[in-house]
Amino acid sequence: MSDIANRIVERIEAARRDGEPLSIVAGASKRFVGRASRGNPLDVAAHQGIVSYEPGELVLTVRAGTRLAEIEAALAEHGQALQFEPPQFDGAATIGGTLACNASGPARPWSGSVRDAVLGVELVTGRAQRLRFGGQVMKNVAGFDVSRLQAGALGAFGVITEISLKVLPRPRHTVTLVRRLDAADAIVHMNGLAGTAKPLSGACWHDGQLYVRFSGAESAVDAAANQWGGERLDAAESFWQDLAEQRLPYFRAGVPLWRFSVRSSSPLPEIDGDWLIDWGGAQRWLHGDLDKGELERAAESAGGHVSLYRGGDREGEVHHALPEALKSLHLRLKDAFDPDRILNPGRLYGWM
Amino acid sequence: MIATADEQGTAELSRRLRELVAPEFVIEDAETRRPYECDALPIYRELPTLVVLPESVDQLRAVMRLCHEEGVPVIARGAGTGLSAGALPSPAAVVLSLARLDRILEIDPLARTARVQPGVRNLAISEAAAEYGLFYGPDPSSQIACSIGGNVAENSGGVHCLKYGLTVHNVLRAELVDVRGERFVVGSEGPDAAGFDLMALVTGSEGLLGVVTEITVRLLPTPETAQVVMAAFDSVSLAGDAVGAVIAAGIVPAGLEMMDGHAIRAAEAFAQAGYPTDASALLLCEIDGTAEEVAEYCGRVEQMFSDLGAVSTRTSRNEAERELLWKGRKSAFPAVGRISPDYYCMDGTIPRGRIAEVLTEIDRMAAHYDLRVANVFHAGDGNLHPLILFDANVPGDFGKAEEFGGRILELCVAVGGCITGEHGVGIEKLRQMPAQFTDSELEQLHAVKRAFDPAGRLNPGKSIPTLRQCQEYRTLARVRESASQESASALPGRTLRSMEEASHGSNVHPSVAGTPKGTRDSAS
Numbered sequence: 019m020s021d022i023a024n025r026i027v028e029r030i031e032a033a034r035r036d037g038e039p040l041s042i043v044a045g046a047s048k049r050f051v052g053r054a055s056r057g058n059p060l061d062v063a064a065h066q067g068i069v070s071y072e073p074g075e076l077v078l079t080v081r082a083g084t085r086l087a088e089i090e091a092a093l094a095e096h097g098q099a100l101q102f103e104p105p106q107f108d109g110a111a112t113i114g115g116t117l118a119c120n121a122s123g124p125a126r127p128w129s130g131s132v133r134d135a136v137l138g139v140e141l142v143t144g145r146a147q148r149l150r151f152g153g154q155v156m157k158n159v160a161g162f163d164v165s166r167l168q169a170g171a172l173g174a175f176g177v178i179t180e181i182s183l184k185v186l187p188r189p190r191h192t193v194t195l196v197r198r199l200d201a202a203d204a205i206v207h208m209n210g211l212a213g214t215a216k217p218l219s220g221a222c223w224h225d226g227q228l229y230v231r232f233s234g235a236e237s238a239v240d241a242a243a244n245q246w247g248g249e250r251l252d253a254a255e256s257f258w259q260d261l262a263e264q265r266l267p268y269f270r271a272g273v274p275l276w277r278f279s280v281r282s283s284s285p286l287p288e289i290d291g292d293w294l295i296d297w298g299g300a301q302r303w304l305h306g307d308l309d310k311g312e313l314e315r316a317a318e319s320a321g322g323h324v325s326l327y328r329g330g331d332r333e334g335e336v337h338h339a340l341p342e343a344l345k346s347l348h349l350r351l352k353d354a355f356d357p358d359r360i361l362n363p364g365r366l367y368g369w370m
Numbered sequence: 009m010i011a012t013a014d015e016q017g018t019a020e021l022s023r024r025l026r027e028l029v030a031p032e033f034v035i036e037d038a039e040t041r042r043p044y045e046c047d048a049l050p051i052y053r054e055l056p057t058l059v060v061l062p063e064s065v066d067q068l069r070a071v072m073r074l075c076h077e078e079g080v081p082v083i084a085r086g087a088g089t090g091l092s093a094g095a096l097p098s099p100a101a102v103v104l105s106l107a108r109l110d111r112i113l114e115i116d117p118l119a120r121t122a123r124v125q126p127g128v129r130n131l132a133i134s135e136a137a138a139e140y141g142l143f144y145g146p147d148p149s150s151q152i153a154c155s156i157g158g159n160v161a162e163n164s165g166g167v168h169c170l171k172y173g174l175t176v177h178n179v180l181r182a183e184l185v186d187v188r189g190e191r192f193v194v195g196s197e198g199p200d201a202a203g204f205d206l207m208a209l210v211t212g213s214e215g216l217l218g219v220v221t222e223i224t225v226r227l228l229p230t231p232e233t234a235q236v237v238m239a240a241f242d243s244v245s246l247a248g249d250a251v252g253a254v255i256a257a258g259i260v261p262a263g264l265e266m267m268d269g270h271a272i273r274a275a276e277a278f279a280q281a282g283y284p285t286d287a288s289a290l291l292l293c294e295i296d297g298t299a300e301e302v303a304e305y306c307g308r309v310e311q312m313f314s315d316l317g318a319v320s321t322r323t324s325r326n327e328a329e330r331e332l333l334w335k336g337r338k339s340a341f342p343a344v345g346r347i348s349p350d351y352y353c354m355d356g357t358i359p360r361g362r363i364a365e366v367l368t369e370i371d372r373m374a375a376h377y378d379l380r381v382a383n384v385f386h387a388g389d390g391n392l393h394p395l396i397l398f399d400a401n402v403p404g405d406f407g408k409a410e411e412f413g414g415r416i417l418e419l420c421v422a423v424g425g426c427i428t429g430e431h432g433v434g435i436e437k438l439r440q441m442p443a444q445f446t447d448s449e450l451e452q453l454h455a456v457k458r459a460f461d462p463a464g465r466l467n468p469g470k471s472i473p474t475l476r477q478c479q480e481y482r483t484l485a486r487v488r489e490s491a492s493q494e495s496a497s498a499l500p501g502r503t504l505r506s507m508e509e510a511s512h513g514s515n516v517h518p519s520v521a522g523t524p525k526g527t528r529d530s531a532s
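Chains as they are written, first to last, in the numbering used here: chain B, 19 to 370; chain G, 9 to 532.
Hints may contain errors.
Now the in silico label distances, taken between C-beta atoms and shown as ranges [as the list claims (entries may be wrong)]:
no. : chain 1 : residue 1 : chain 2 : residue 2 : range
1   : G       : Leu332    : B       : Glu312    : 56 to 64 Å
2   : G       : Asp66     : B       : Gly67     : 50 to 58 Å
3   : G       : Arg325    : B       : Arg250    : 34 to 42 Å
Derived from the structure by calculation, the hints contain no laboratory data. Note that CB positions come from ideal geometry on N, CA and C, so glycine has one too.
Take these sequences, add in the hints, and give me the full structure.
Structure follows, in structure tokens:
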């Protein structure tokens with residue numbers, strides 16, 4: 019446990035005075051996310067420790083530099099878990115970085131994302147103000163939802179110093195089944211299955227294989243698994259973990275790696291390549307030297323967006339281009355928190 | 009009679025609005041404007057200057073552009089079922105009703121989404137999705153009447169949000185029109201969107217950031233079956249412990265509700281649900297899912313309740329019995345309305361573990377104010393609805409109820425909770441905002457507002473108090489603090505005004521939660 023919030027405030031105050039850009043870092047596990055960092059490192063890893071954990075409330079409050087591994091261990095003692103299955107990236111990932119990158123794993127369509135689990139945050143803004151939004155209770159509609167606004171903002175508004183999260187019981191029983199299907203059939207199949215009241219907790223397709231995971235009460239999981247058919251997968255736990263941690267051979271096969279976030283039922287775009295489909299069809303991966311504009315058009319026709327997730331040119335734009343109206347709104351919001359634009363400048367978009 | 013400058017301005021604005029929207033949908037006469045003077049918290053009322061009901065997004069944009077050019081504030085309004093006076097008109101503003109944008113545009117059963125206009129009723133979405141075996145999760149108790157646009161504005165919850173989440177967890181994408189009449193889109197049809205999470209920011213923003221014109225919601229598969237376990241306890245703290253035990257056992261119920269003795273007796277007298285009227289606390293725990301899962305968990309929950317000191321337990325054996333057990337809970341508000349001329353519904357959230365302590369303190373305060381209070385509690389997610397009973401015809405009674413309510417919300421903050429779980433801040437809870445936020449935090453919220461609406465013309469004066477208001481509230485709170493030993497006479501100025509309205513108004517029944525009285529728009 020250590021609390022360096024005051025040091026963070028002082029550091030930002032000084033940087034503001036000197037017009038010094040800062041690059042926020044804790045576990046350094048997701049340096050590859052977003053555009054290349056400009057600015058001097060502001061290391062917040064030492065701001066760590068569990069502030070409070072009430073298993074009966076399903077609520078955890080934790081300093082943002084706390085590693086996910088430590089959090090998961092504390093939760094496991096009470097049979098609970100972070101339901102959004104965030105990647106730990108060799109144990110280095112912290113909860114603050116997880117929220118800033120909105121990083122969630124295979125259960126996300128059914129259990130929600132880290133954004134969905136957030137109840138409140140404490141933030142040191144670009145004005146060096148230490149502010150709290152949200153709280154430690156499940157329902158709280160007082161004021162704008164500044165807590166969830168942090169999800170995926172890549173630190174543009176401030177240094178997240180503390181996070182309160184909803185946690186959930188770990189599923190009692192899990193079964194994974196696998197069957198051969200082509201991508202088009204798999205997409206229809208995953209979506210059809212998600213539309214039935216079965217305890218689904220994962221659906222992923224790669225290389226002609228559809229993997230489906232059921233989690234929950236033993237009776238319900240076994241009944242659903244028997245009904246669905248397919249082969250039971252041995253070592254299923256490591257498959258889903260490797261998927262969450264992005265360490266399946268697929269993720270090592272090459273860069274640039276593109277991430278699509280689209281309508282789960284949308285057909286696969288007609289772009290040749292080695293696709294991996296996760297989140298029941300809603301998150302899709304593709305690697306190769308591809309034209310960003312072409313991918314953006316494909317993602318838009320599928321109702322979503324695409325980003326250059328890893329590798330490639332990190333000096334250029336890596337996130338989906340925004341329409342002008344949203345671009346100026348983004349800048350005004352950024353300025354509302356960080357008027358001198360000293361925090362993670364250019365990390366989300368080059369123009370910010 | 010010579011018209012004043014204001015009247016001339018209104019007439020001119022009205023004339024220009026009639027060029028944009030069919031004349032009968034620009035409401036000028038006092039009689040027809042009357043239903044728009046309040047939402048479902050009618051202790052706050054103000055006759056709007058003009059009400060306009062566009063029939064298309066293009067018309068709505070034209071109205072917004074005109075109001076922007078003329079510097080006229082706009083107050084968006086859904087079904088009028090809000091419980092915090094969030095849709096209260098202000099004298100210079102136009103009320104923009106979204107009631108005519110009421111079409112379900114598309115249901116995509118494979119993607120499990122519905123694309124709807126903001127005036128669509130919450131329940132209508134689930135009804136339309138039912139043929140595909142799907143439903144819309146959030147189910148506020150006003151769901152027969154309330155609109156999805158209003159749900160987005162308030163981030164509405166409901167009985168089932170412990171398992172299915174709030175509005176923010178169930179909306180994917182929204183189209184909005186900004187204060188200048190420009191269209192923008194937040195969220196996406198995918199699980200997240202490029203850039204900032206504006207979908208989250210807009211949800212629950214109480215009409216301060218933009219006017220929502222289209223919403224894509226997520227639909228969920230209808231559970232195979234559901235059963236409810238009822239358990240009666242001799243004390244609130246035993247019931248509170250039992251709630252914690254269910255959660256700690258790794259069970260996530262679809263709904264987990266608690267009622268105290270006053271609420272039990274009122275509900276039973278109203279609905280004859282078979283509640284034990286001598287109990288001090290009643291739990292209703294609903295489990296849904298596959299048949300196997302429901303059977304397994306209901307058995308465990310019933311056993312757990314017995315082991316933890318329940319005086320009696322009962323599990324529904326069929327759908328009719330399940331509905332009967334819920335009927336009492338769902339009619340708790342009108343039931344309380346029968347045992348008291350009026351009631352005032354509060355909406356704080358607390359950590360579940362503090363429930364016994366909070367209810368004890370509420371009882372103590374009730375004795376101080378000499379008012380009765382019945383408690384209904386979304387125990388699963390800590391959302392407390394104390395119903396303060398009063399009689400508006402007794403001078404001073406409402407003023408006491410309002411002050412008592414404010415004290416309850418401050419208590420919620422003091423134990424680690426918040427001033428509103430699902431009803432919103434609106435006008436009603438502005439005074440409690442400084443209890444939850446510092447001046448710097450409120451100033452940050454204002455800065456967010458300015459990023460969307462620099463001149464503050466969207467639903468002005470709602471949701472976030474000005475720092476000057478906060479200073480007044482704090483001063484008045486100190487006055488109240490020092491005077492509270494003497495009597496309940498040192499009330500904030502606005503409370504005094506409300507008291508007068510309460511005494512003189514002909515229709516002062518805050519007891520309208522979830523009743524069709526909230527559907528005022530449909531009358532127009």
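Leu332(G) versus Glu312(B) beta-carbon gap, inside 56 to 64 Å or not: holds, 59 Å
Arg325(G) versus Arg250(B) beta-carbon gap, inside 34 to 42 Å or not: holds, 35 Å
Is 50 to 58 Å a correct range for the gap between the Cβ atoms of Asp66(G) and Gly67(B)? holds, 54 Å
The earlier numbered hints are all upheld by this structure, with none contradicted.
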